[in-house]
Amino acid sequence: MTPVLQVRGLIKHYGPSIVLDGIDLDVAEHQVITLIGASGSGKSTLLRCVDLLEDIDDGQIFLDGVDVSDPRADVAAAQRRMAIVFQAFNLFPHMTALQNITLSPRVVHRLPADEAAHRGRELLARVGLTDFADAYPDRLSGGQQQRVAIARALAVRPRLLLLDEITSALDPELVGEVLTIVTELAGGGMTILMATHEMGFAKRVSDRVCFLDGGRLLESGPPAQVLGDPLQERTRRFLARVIAAGRLS
Amino acid sequence: MPPPASGLATERRRYRRARARRSTLVALASTLVFAALVGWGLTSTPGWPRVQQTFFSPSAAWQALPQVLAGLWLNLRVLVVAEIGILVLGLVIAFLRTLRGPVFFPVRALATGYVDLFRGIPLLIALYLIGFGVPALRLQGVPTDVAVLGTVALILIYAAYVAEVFRAGIESVHPSQLAAARSLGLSHRQSLRLVVLPQAVRRVLPPLLNDFVALQKDCGLISVLGAVDAVRAAQIEVARSFNFTPYVVAGLLFVLLAIPTGRVADVLAARITRRQEAG
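Sequences listed follow chains A and B, in order.
To convert, note that position 115 of the first sequence is 235 in the working numbering; the numbers rise steadily by one, no gaps.
To convert, note that position 8 of the second sequence is 3 in the working numbering; the numbers rise steadily by one, no gaps.
For the record, the hints were derived by calculation from the structure and aren't laboratory data.
Glycine is no exception: its CB is placed at the ideal position from the N, C-alpha and C atoms.
According to the in silico footprint, chain B covers these stretches of chain A (three or more CB under 8 Å from chain B):
1. 200 to 207
2. 212 to 219
Sample of chain A residues lacking proximity to chain B, with all beta carbon distances greater than 12 Å (derived):
3. Gln180
4. Val186
5. Gln352
Pulled a few chain A residues facing chain B out of the computed Cβ check, cut under 8 Å:
6. Asp171
7. Leu173
8. Ala196
Construct the entire structure; sequences and hints are all you get.
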């Protein structure tokens, strides 16, 4: 079966510095693939390139076997089949939680307003925010905002869900409520590609963990192996630093 | 209900109240002294009796008031029509300047050229060119009323400024908002209309109101075309009575018009600042 996402030889520069240096990556249906690595290793850029928010300099990105990185491809159509949750939530501040969630279903997928609202409320219930439909983002905590952002991403019924360090901007006590939802989504068969610094969480939910270093995919394998007994010296050193910071639990 | 205050808190509260009372009294005294000094300085100039008679004559003011007020009514109508036109045209130009893609190059270039031209040209010259030039073309169906042509000139000039204000607002919305909208599958135009513009307009309301105050008084410039507005009416009265007081009357009326708009701008700016602090 064709994987949902195939990345082949992806190269991305920002000016003279190379951020992604030939990435090859597959995500099969129902799989959860986790990207780890130091900040600046290219995790976020890779996710943004996959979501076609950045132009790439070389290589190909296939979504369900179709090359969506081709300049002739319909970018908006490809983006409609993916959804990304950002580190800084990026909720629309002038819309309520429910309006944030129903915007794309109404405008892009042309769902009638009442049906979109009904589905939006279901999604809010799923992320535990039934009572916050009419709240504006600035009245919500970081964890609540990020849960709305997840609901907004799910509202487009994505084939592939991209999570870009979605707990990095949260206070430590709010991380759990967000990760619980992701764990449920993974258990429900959602295809996920995510970047995270939460190693314990990565170990629990991932089918495969990939270690990025300097824009290259240095090591990739089952979480127990990459996180427990890595082959590469650089992976070992990265994990040692993470453990020293108390993040491997 | 807060718990009953301790002796310490009561004593401190009393001290604060006393201090506030003292501040008010000092402010009042200093204002009175300042006003008295300015008044004394003005009235002790050698030419003051003449100035008082020719610029501040109550009877001349009372006599000119009906005509000046009638003129101000024209200014108000021009103001309302011009403001609507300015907002629409300004928004359209700002939008055109944000369009991307090679197809839109001529539109983009035209919008940029428009802003360069009408932001640079003095309002008075634009008024003359449109007010006297357009009727000279003798085109069928083109209005020749000077008030209408003056309004058109005001719209053309001010739309260039307002377009830049809107554009600054659009660019102040963080790119991550656009990224979020695009990632949800919205087109560039949908992202702009539904996500970026509503945030941009909220942010630029105070500077827009500032431009509105400037427009209020510049409406008086249509008098150079011969439209009988407040300024022109005052001029006519001055020529009749050889007394400059009607100018002062017209000036004061424009100031009275500007004060409420200025306060609204202050309140809005304060509210937006509070919102951003809360957010």
